[in-house]
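All chains should be modelled from the sequences, with the hints used to inform the complete structure.
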Amino acid sequence: MTDAAITWTEERVELLKRLWADGRSASQIAAEIGGCSRNAVIGKVHRLGLSGRVKAGPTGEPKPRKVDRPAGPPAPEPVAAPAPGSARPALELVAETGAARDVAVPPSERVTIMELRESMCRWPMGDPTTADFRFCGCKAIAGLPYCTHHAQVAYQPVADRRRDRRVAGL
1 MTDAAITWTE ERVELLKRLW ADGRSASQIA AEIGGCSRNA VIGKVHRLGL SGRVKAGPTG
61 EPKPRKVDRP AGPPAPEPVA APAPGSARPA LELVAETGAA RDVAVPPSER VTIMELRESM
121 CRWPMGDPTT ADFRFCGCKA IAGLPYCTHH AQVAYQPVAD RRRDRRVAGL
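Here this note's numbering is used: the first residue of the sequence shown is 1, the next is one more, and so on.
Calculated from the structure, these hints are not laboratory results.
A hint or two may mislead.
[To be verified] Beta-carbon label-pair distances, calculated as ranges: (1) E109 - A151: 45 to 51 Å; (2) A31 - P106: 53 to 59 Å; (3) A31 - A131: 19 to 25 Å; (4) R166 - R47: 35 to 41 Å.
Don't be surprised by glycine CBs; every beta carbon is placed ideally from N, CA and C.
Following this line, the structure appears as C-alpha cells:
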C-alpha cells in the first residue's frame, strides 16, 4: 500500500497516539500499524499536533532537549583597543565550538560596505540584516578578496576538506 492510499481510521489514529506517547519511533509505529511508512507516521503526527518527546538515554534518564540557538556564529570575543600611537594589535584566534576559528577584529576596525576598498578583506562579519553588520577590513592578499586568515578559511585544500568531513562524520 502506498502512502497516498493510507486510510487513517480512528483505531489507527488511537494506536498511533498511544505508541507515540509510549516513546516509540516513527519506524516502530509504522511497523506496528502496518501498511504505512515511517514518513506517513511522521506526517500524521505533525497533522495531529502531537508534541515532541524527550528520548531516554542509556541510563533511563531523559535527555535534555536541544536549546534553540540564534542563527549565525557567536559574536567574537572583544579585543582591547590599541593604545594611541601603538601598532595595530595582533589578531587573536577565537575558538568556535567544534568549528573553524575566526579572527576577532575589533569592531572599531571593521568597515561598512561604503568604507570597503579593493585592498581590504571582504569577509562578512555579523548578521547582514542588522545595522552593525561589517566586513573584516584587514589588508587583503593581492589578487584575493580576503586577508591571510580568511583566505585560509575560504580556500581549504581538498585533502583538508575531506579530512574535516571524515572527522565531522559527514
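Legend entry - Non-conforming hints, listed in increasing numerical order: Structure breaks hints 1 and 3.
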